[in-house]
Each structure stands twice: as structure tokens, then as C-alpha cells.
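Given next are the chains, with one letter for each unit.
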Amino acid sequence: MKVAQNIPTMSFDEAAELAYFGSRVLHPETLLPAMKRNIPVRVLNTNRPEHRGTVIERQPGPRPQAVTSIAYKEGQRILTVTSPRMFAQAGFLSRIFEAASRSGTVVDMVATSEISVSLTAADPEALDRAAENLKPLGECRMLSGKTILVVVGHDLPSRAGIGRSILGALADAQVNVEMISYAAGSINFSMVIDDADVGRAVTALHGTLFEHRWQGSRRRRAAGDRRRTRRGSSWILADSCWHRACFVVRVTTLRIGFDRGTLRLDGDVTSLEEPTVCLDPRTAFHRAPAHLYASLLGRARARGVTVDDALATELLPRPPPPLALPTLRDYQAQALAAFEAFGSRGVVVLPTGSGKTLLACAAMARSAVSALVLVPTCALLEQWRQLLIRVFGGTIGVVGDGTFELASITVITFASAWQKLDAFGHRFGMIVVDEAHHFAAGLRTEALEMCTAPLRLGLTATPPEPGTVAEARLRSLLGPVVFHRTAAELAGTHLAPLAVTRHTLDLDLEERRLYERDSAPFLELRRHVLRAQPGLDWAGCMRHIARMPSGREVLAAMRRATAIATLPRAKLALVEALVREHAADKVLVFAATADDAYRLGHALLAPVISSETPRLERQAILEAFGRGAVRALVSARVLNEGIDVPEASVAIVAGGSLGQREHVQRIGRVLRPQPGKQALVHELVTLDTVDEARDRARRRPHAAPASALSHPA
Amino acid sequence: MLPRHLLCLTQHDGFATPAWLTERDAVWIRLAADAFDACVGKAVGAIDDELVPRVLSLARVHGVHPRRAEGLVRVLARRAGDRLVAPVLPPQARAAVFAEAGRDRSAAREVVLGRVAAELRTSPEAVEASLFADRASARRIAPLPSLHPTDLVEAYNLALAQGLLLCSEIVVVHVREHVRAVVRFAKLSGLLCTYAVDDTGTKLEISGPLAVLRHTTKYGFSLARFFPAVLGTPGYAVEARCLVWDTPQCVRIDARDHLAPTHVLPRDADSRVERWLAQDVRRLERGWVLDRESDVVPVGRSVFFPDFTLRRGGASVLVEVVGFHGPSYLDAKVRALEAARGRPLIVCVAATLLPNLGAIPGVVLPFRHRIEAAALLDHAERLVATPGALAEQA
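If you read the sequences in order, they're chains A and B.
Throughout the first sequence, residue numbering follows the numbering used here, covering 470 to 1182 in sequence.
Throughout the second sequence, residue numbering follows the numbering used here, covering 3 to 396 in sequence.
The hints are simulated quantities; they were obtained by calculation from the structure and are not laboratory data.
One thing to keep in mind: the hints can contain errors.
SDA-like mimics (lysine to any residue), calculated; alpha carbons at most 25 angstroms apart, straight line [claimed, not checked]: (1) B:Lys44 x A:Asp1064; (2) A:Lys889 x B:Gln164; (3) A:Lys889 x B:Lys189; (4) B:Lys189 x A:Asp987; (5) B:Lys44 x A:Pro1083; (6) B:Lys44 x A:Glu1081; (7) B:Lys44 x A:Arg1021; (8) B:Lys44 x A:His1071; (9) A:Lys889 x B:Thr196; (10) A:Lys1146 x B:Gly104; (11) A:Lys889 x B:Gly192; (12) A:Lys889 x B:Arg216; (13) A:Lys1055 x B:Arg107; (14) B:Lys44 x A:Asp987; (15) B:Lys189 x A:Leu780; (16) B:Lys189 x A:Gly871; (17) A:Lys1055 x B:Glu112; (18) A:Lys889 x B:Leu190; (19) B:Lys189 x A:Arg1021; (20) B:Lys205 x A:Arg751; (21) B:Lys189 x A:Pro1083; (22) A:Lys1055 x B:Glu102; (23) A:Lys889 x B:Pro230; (24) A:Lys889 x B:Thr219; (25) B:Lys44 x A:Ser945.
Quick list of the computed label-pair ranges, beta carbon to beta carbon [to be verified]: (26) A:Gln803 x B:Gly302: 52 to 60 angstroms; (27) A:Gly544 x B:Leu190: 26 to 34 angstroms; (28) A:Gln803 x B:Leu245: 42 to 50 angstroms; (29) A:Gly936 x B:Glu127: 53 to 61 angstroms; (30) B:Ala262 x A:Gly1128: 56 to 64 angstroms.
All values reported here derive from a predicted model rather than from experimental measurement.
The beta-carbon is built from N, C-alpha and C at its ideal position, and this holds for glycine as well.
Could you build the full structure based on these sequences and the hints that come with them?
This is the structure we're talking about:
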């Protein structure tokens, strides 16, 4: 089209319509996130970047022209079913569409009269099959080589004379229109013409609708117009069936429900083209993982499928507006904006103590939908509940730790979510996953898979490394990492400044002898295995050794050697000395294992928090630690993450077995900012043992907080 | 249930058979139990540190696979349990010690323990010993209840079977009786059941809702938990599709394996009338076998379990007993029986209820106090032998 004009603005609906009918600048699905959040999309020309392009937005400003664009789709076929039995018969149309659905026909356009139904589709084979199925209902006639020609615009039905302009222009161009679809409130005027007439038809319509050639010649052609109007009118009246019966553009329906932790799909699922949707022969309906709900819904709508969404009515009511919305720090506000820009689906990475929970509260308040907060431990369950009561007031539901109460905002432990979300995973519009990295390992991922919530916020300080299986898993369950700040970036401003002292120690003679004795068989066996299977990873090597005849005994001996190395007598003495040195501070002591933690607790006469500590006792211990009423607080893994211990300023890392991630979490325990606070970390390492190897592993160059630390030792 | 690393399997004809313990293992099982007895009173941690190495060396002598030996130790430990041994209640000791240590941070350890001991009127050693005595690994091993090696064999085998089913995706269960109870247990575990009826009974295919999408541990647990319900049914057979050590396996278990029922299934008869009927059919010795709740009839999207199925050779006749019940129950019963139309069906109806019932599908056999078994079998034989009888009853 030589005289094509730029369209400065159009609505999302118009853009989607055009995209479906061939204007493939933007795939309809790419617009969905922008439509959802009302973000204007500007389409520019690569070859003319200076040109203003077209802005696609929800409500474009006033436009003088009713018509936005013309599009067409060639190679269509028309199937007409004629039957005198159709007259005044209920259910005739439904039988026709059932037959079309059975044959896999995607119907693009429909027109009905009292005795016939015409429909178009692009897939000739499917339409042939449909014709076979429809033969019992009446005479079937097929016409091929047709084009659907669409005039897209806004407020078309309210513009008097638009139909006359379109049909008049086509009549002037000697183009015969064989079918028309123009529904109430529609944004398109669809017609079927011969393939051979497309060029003439588009040129004529463009001239009339955009170049206003008809306006310039109005007076000159007034007489002719009147004649044409009369003729057009009589044409329409003579074939009254046409304008009376034109309706929907595509006729496929999909019903989405929730069945025991999965999506239940009834109807036409083929158009979804989603490989994870599969037919369940046990129940004769299709199933899909529940976490794909939003994606499938969007895909169905983009393909013009009518969706009967049973889940929309089963959501828990909206939560009350927050009593006091937390004031966000600049990086928290940026994280929230990033999360929303990614369609409210993604993982926010912030160091421990930087206020991830407040960020989550703000996200929940802004989304204003029912929300489920998943937390790894019972300790965090209570901590979140208290915070949510402060922010939202009212009733906060709790599932876990012996309680089952559902509310608009509910907190649930990972374990309970794994067990129970198959029953109510469809009742929340948003999920917030605290310490989301737990799911990256692949354990209990069913909890997130059984949840339909379209909005998903993951919170963690230690995301899996990019490009790994773990990262891909988390991305599929929660979305990509949308915001990332390290402790290094926040230290000194939003986190307390930190200093790390590294203490290296040796085993005494007796310990060294025992260590060498118990570790030697393992080292020998491992060398043997690696010689036989070079490149075997650590886990594979351990599995291999465990299956060897003496493997389990060798591994047991190695466990004893490791226990010697992670907490030798020298370490125990040094921890005692450090606790005495920091008698005025609140000291956290981290051990490699629960056994080591209890040995330390025994030696220091300090409370231990482990998975065995009962809830009430744990609360009492944390409260006493907050008051400074205990010498120190000892833990192996439970205090690694999540639990709020704001007053701690000294951490003694006596041992660790979970590498860099654990180390980052532990250091985060003492980074919560306090006026004038200097956070201190003491790392204790036993030389020439497995403990030193573990120390090296957790101090790899990209260990996030290490770059922020000074190492005076 | 045994953890994955302790599972033991043997391969036969393309099927994996759990390596069961049998009576032939009694000798080394007794020795293992003796070794366990020697550890009674020690901390639970001694099981890993002392008992497992001892039993493993025993197993080597007797040619037993180490995984089976260690599995047995787990079963023994579970059977025995543990107990708390502490002079002072541990939470009380901890509260006192930590508070005292926090009050005087510079005080030596012995001084703190001495002060607390004085306060609690006990010795410092007792306070120290009690401090973390309630930890799982610090609790004391309890003595084994008096057990016959056969009990241990059955307990180990059940733990092994459940450990395998933990790795399963789909379990196919063949049952002759108590289908209703088995289905109910499966549904309680959140599992889906499909069924097929053949001459030998009902084949139930049981799996989790997510099974068509991927293998999940969640429904592996459900299948393992559900398994004891099958053990109570006579003549059962189970085939499970499992993923053991990343290798797909088809595991077969049946009623001949050394597994003892752990669940009490519903009684064989709901009433005296049904019990007498079962006795009378047996006494008549006409070759018919009366199976309880062994057949399934679809009713719309639900199913109906007739009370009995009479079987002889390849022939089967459904028998439903309608006793003394309310009107809504009777309506539902008639609707369910309608669904069985087209199959040989005899409905034994209490004579007092007959006037309240509308048209009943099938052959109706009224009774007063006792169902006449001979008449029932006559009807059954006529239904099976006469091709027109079915059409007639319909």
C-alpha cells in the first residue's frame, strides 16, 4: 500500500485483533503483561527509529477516525450446512459446533439464517472432517479460495454510516461480499470475499476509510450515494438472515477447574499447544500442573478461546486494606517495582536483615488479592503471623504447627503446604515464598505446583547459580530473579558494617592420630573409585562407595573423622574464650552439626536451638537472648535463615557443612542495622582436615558478602 | 518404612521381587536381637555407633546382605522405642542452668552447675547429665518387647514393601474381597482409583492425581501408607511401577509373601442375615463361592459395591441384601441397583420392605429372618444357565 498511513494510537484489543488477522508485528501473547498492568507499548520502525511509531494502550485518546486498520486472512474455506430441520429447533447450533469441535476445527467466523449455517476455517482437513460429521444434520456445501477481510476500529457500532462506507467502497470496486460478521459492541467488521479480490478490496477500503476519497467526491456522487444506499438497504433486507445472526468470531470453549492439586481442563485444549497438558485416562479429562494456571488462561484467551474459569469464583475474599503500610527503603521500593514490572511473578534476592518481609507485605497490600505465605519452619510461621497482624490487622490464617485456619492472608509451613495444598491450592491469588531457595533443590516442589496463584513472589538471600537446574526449577515455579542486591551493596548504609576474623587451629596429637586412622580408608577408596570412573561428582562417588561391600563402614569411619575435625578440643576452648571475651555482646555460635551444637551448648552452658527444640522453649530462649539473659545462643542450621534475631552483633562460626549459601545466611544474622553497631564474625578453621576444605568451599571468590568484608586477621 | 538406601530387591522374569526375610533367617535375626538387647539402656546414638557395625559383621558371617542387616536394625529400634532417663527433668535443668550462666557470665562452668545443683537439691553431675538428656539421640534404648523372630520377619517385610511403594507411581491391586474398604482407604489417602472386574475379582489401578504429569514423592507416601489396607484382603496381588535408584522397576507382591495383616478390615458380614447366608452357601456345597464386596458397578460418576458376588467357574452373580432401612436409603439403593441392570443380579429384600419399594431390577428374593440359600443358588444357576433369564429380569 503506497499511501499507507501511520496509526498514532490504538487499543490493546485492536492490536490483538489485527495480530490475529495477520499483522504479526506483535504476537498477541506478548501484549498480555502490558495489558494486565496497563503499560503502554510503543511499536517503532527499526529502519526509521526517529519515527513516532504507534502507541498501543488500554484507552487511547480521542481519535477522529473510527477505523484503525484493515487486515485480512487468505486461504479460508466456507462450509455451509443447510437444513429445513433447523427452523425453530433448540440445540441445532450446539450440535454443529460439537461436530466442529470433535473434528478439531477452529472456527473463525459464523453466520446463520433460519435454515442454514455458514462457518469459515483455515484448516481444510479439519473442515473436511467437520463436513463428514455434519452430513447427518443437513446438506453440506464447501467453498474454498476465500479471504476474511476485517476492518478494525473503535466504537464502530456507534458511528452512523460506517457500514455503508465499507460496503459501498467494496461495491464500487466490484467486490462481492459473501458473509458478514458484525457483533454488538464489536471492534471489527468482518467479511468474506474471494481471494482474487483482496487487492482491489483493500485498496478501495483504504481509499475510503483513510484517504477520505469518498468525502471529497460526496457532493459529486450524492445522487449515486442515495441510489447505493437504497440498493444497500434493500440488499440487507432481502437477506435479513445475514445481519441478524452474525456473532462471535471464534467458537471454542475451555472450562478450567481445580482437581486435587491439578488443573482440570474440559473442552478444546488443542489450541493451547501446551505440552504439559495431558489427557488423564483415569478421569477422561485433561490435566495440567496447577501452577500453569495463569499461563494457560492467558494463552487460551489470546487464541480467542472462550474460557469458563471456575477457579475465579473460588478465591478467598480480598484481604482488608493494611492498617499501616510499611514505608519502604529505596531498594525495597525498587524491588517492588521490578516485581510488578515482571507481571508480579519473580524472585527478589536481598541479604538477610534487609527487610524482605516488609517488601512482601507491601506487595500483598498492592495486589489486594488473597495471599498465601509459605515459610520453611514453625518458628517463622509465628514470626510472619505476628508481622502480618501488625500490618493488616484482622484474622491471619495459619496452617501448620498443629493449627488449621484459612483466611484471606494465610501463613503455612512448607511441610503443610506439601501435604495439604491439593485441597485448597486454588483459593489464593498470590503466594509469597520465604527462603525460596529451598524449592530450588527439588524437594517438596509439589507444594508450589499444586497452587494456582498467578502472582508469585519468592524471597531469598541465596538464589541458585544462574544456568543451573536449580535455577531453572525456581524460575519455572516462581519466575525469574527480578531484583538482586548483595550484602556488599547494602553494607554500611542499610546493613551494619562488618569485620571478619579467621582463626586457624590444629588438631592435637591424639586427635590427629584418630583423624588419620578414620579418614585414610575413605580417602583410599575414593582414590580407587575416581581412578576407575574419572569425572564422577561428589554425590556419585559417595553413592558408589556406599554400595561397596565395606563402603558403609568406611563412610561411618569418615563421619567420625569429620566430627573430630569440625569440633576439636582446641576449637571448643577457643569458642569458650571468645564467648568470655564478648561477654557484653549478644553472641551467636554456629556449629557444623546438631551434635556439635549440643556439645558446644554443654560446654558453654548456653541454650541450643535445633529442630528438636520445642516451640515454647524456642520462644523462651529467643526472648531471653533478646534480653541478654543468656551467655550465647548455639545452633547448627535452624538459625541459619529467617528467624529474626535483631540484637546479635557477634557470630562465631565454629563449623559449617552446607557451603557458601549457609555461610552467607549465617553472616546475615548479625547484619541487621543498629545505631553504632559493628558486626563481628569469627571463623574457626581446623587446618589440614576436611574442615579446611569446607572453609575453602564457602570462601569462593563470588561469595556475596565476602567482598564487603575486611579481614584483619 | 525403610529408607531408599536400605531397599533390597531381586530380579525374576522381568519383575523385581523384594528380598524378603523368611523363617530361614531366624538364626541371624536372633543374634541381631541379642546384639540389640546388649545395647538396651545406652543412648539411642549407640545404634549407629555400636549396633550397626556389630550387626553388619554378624551379617557378613551369615552371608546376609548388609542392607538387609541394617534394615533389620531399623525395625528393631522402632519396635523397641526409647525412654527418657534423667535425674532432673531436662527442661527444668536447662532453664535453671542457662539463667544462672547468663546472670553471672564470668563464673566458671563448675560454679554455675554447683549453684544450680544446690538450688535443685541434687548433684552437679546429675544436673549436667540431665541438661540435654531429652534429645532424640541422647534418650535411652528401651528393651524389646518379647518377640518371636517371625514377628520381626513380618515387620521387616512390611517396612521393605512400604519402602518400595514409597518409590512407586502406580499400584495395581488385584483383590477378591473387601474392594469397598480398599477403595475407601485409597480415597482417604488422596489417591485415584480405576477398576476392572474379571472372573478372579477386581483389579484396581491406584495412583496419585499428579501421576499423569510426573513422579512425585507426595503420592509415593500415600501409596506406601495405603498398602496395609490391601494386606487384610485374602488372595491379594500387587504390582507396582517404581523408580528405585533411578531405575524403573515393576515390583510384584502377593498374598504368599511373608507379610502379616496390620489393619482390621470391615467384618465379613454387616448383619446376622448376611452371616447366616455365607454359612448356608458354604454348607450347601454346590460349587458356589460367596465373595464379600468384590465387584464394582458404576453409577454415573460414582460406583456401587454389591454386598456379595456368587462365583462358580467363570460365572458370577451379584447379590444385594436390602434389610431394614429408611426411605431415602431405599431410594438410593434402588437407583444403584438400576445401574446394575444387564448383569445377573439377585436382590434379597426383607419382606416387610417390599411394599415400600417400587420396581426393583433383577430377581427379587424376599426373606423374613433368614435368606433361603438354596433358593438363592437356584436363582443364580437359572440366571447363569438360561440365556433368556437376563432379558427376563431386565
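Hint check:
At roughly 17 angstroms between alpha-carbon atoms, lysine 44 of chain B and aspartate 1064 of chain A fall within 25 angstroms of each other, so this suggested pair holds. Taking the CA atoms of lysine 889 of chain A and glutamine 164 of chain B, the gap is near 22 angstroms; set against the 25 angstroms cutoff, the hint holds. Annotation: proposed proximity of lysine 889 of chain A to lysine 189 of chain B holds, straight-line Cα distance about 15 angstroms (limit 25 angstroms). For the hint linking lysine 189 of chain B to aspartate 987 of chain A, the alpha-carbon distance of about 50 angstroms lies beyond 25 angstroms, and the restraint is violated.
Under the criterion of a C-alpha separation no larger than 25 angstroms, the hint pairing lysine 44 of chain B with proline 1083 of chain A is consistent with the structure, at around 24 angstroms. For the given pair, lysine 44 of chain B sits about 20 angstroms from glutamate 1081 of chain A by alpha-carbon distance, which is consistent with the 25 angstroms threshold. With a CA separation close to 22 angstroms, the supplied pair lysine 44 of chain B and arginine 1021 of chain A stays within the 25 angstroms bound. Note on lysine 44 of chain B and histidine 1071 of chain A: the hinted pairing holds, with a Cα-Cα distance of about 19 angstroms set against a maximum of 25 angstroms.
The straight-line distance between the Cα atoms of lysine 889 of chain A and threonine 196 of chain B is roughly 23 angstroms, inside the 25 angstroms bound, and the hint therefore holds. Pair hint lysine 1146 of chain A plus glycine 104 of chain B holds up; C-alpha atoms about 22 angstroms apart against a cutoff of 25 angstroms. Of the pairs offered as hints, the one joining lysine 889 of chain A and glycine 192 of chain B holds, with about 10 angstroms between alpha carbons and a cut-off of 25 angstroms not exceeded. With a CA separation close to 18 angstroms, the supplied pair lysine 889 of chain A and arginine 216 of chain B stays within the 25 angstroms bound.
Among the hinted pairs, lysine 1055 of chain A with arginine 107 of chain B is consistent with the structure: their alpha-carbon atoms are about 12 angstroms apart, no more than 25 angstroms. Simply put, lysine 44 of chain B and aspartate 987 of chain A have alpha-carbon atoms about 23 angstroms apart, close enough for the 25 angstroms limit, and the pair holds. Proposed proximity of lysine 189 of chain B and leucine 780 of chain A is supported: the alpha carbons are some 23 angstroms apart, at most 25 angstroms. A threshold of 25 angstroms between alpha carbons decides the hint, and for lysine 189 of chain B with glycine 871 of chain A the separation of about 23 angstroms falls inside it, so the pair holds.
For the proposed pair lysine 1055 of chain A and glutamate 112 of chain B, the alpha carbon gap of about 23 angstroms is at most 25 angstroms, so the pair holds. This hinted pair checks out: lysine 889 of chain A and leucine 190 of chain B have alpha carbons roughly 13 angstroms apart, not beyond 25 angstroms. Between lysine 189 of chain B and arginine 1021 of chain A the CA atoms are separated by roughly 40 angstroms; this puts the pair beyond 25 angstroms, and the hint is violated. Between the alpha carbons of lysine 205 of chain B and arginine 751 of chain A the distance comes to roughly 14 angstroms, so the proposed pair stays at or under 25 angstroms and holds.
Between lysine 189 of chain B and proline 1083 of chain A, the direct Cα distance comes to roughly 33 angstroms. Violation of the 25 angstroms bound is thereby established for this hinted pair. Proposed proximity of lysine 1055 of chain A and glutamate 102 of chain B is supported: the alpha carbons are some 16 angstroms apart, at most 25 angstroms. A C-alpha spacing of about 22 angstroms is found between lysine 889 of chain A and proline 230 of chain B, which places the hinted pair at or below 25 angstroms, so the restraint holds. A hinted pair counts as satisfied when its Cα atoms are at most 25 angstroms apart, and lysine 889 of chain A with threonine 219 of chain B qualifies at roughly 14 angstroms.
For the hint linking lysine 44 of chain B to serine 945 of chain A, the alpha-carbon distance of about 49 angstroms lies beyond 25 angstroms, and the restraint is violated. For the hinted restraint 52 to 60 angstroms between glutamine 803 of chain A and glycine 302 of chain B, the CB-CB distance of approximately 56 angstroms keeps it satisfied. The supplied range of 26 to 34 angstroms is broken by glycine 544 of chain A and leucine 190 of chain B, whose beta-carbon atoms lie about 56 angstroms from each other. Between glutamine 803 of chain A and leucine 245 of chain B the beta carbons are some 44 angstroms apart, a value that agrees with the proposed interval 42 to 50 angstroms.
Distance hint check: the CB atoms of glycine 936 of chain A and glutamate 127 of chain B are about 57 angstroms apart, consistent with the given range 53 to 61 angstroms. The supplied range of 56 to 64 angstroms is broken by alanine 262 of chain B and glycine 1128 of chain A, whose beta-carbon atoms lie about 46 angstroms from each other.
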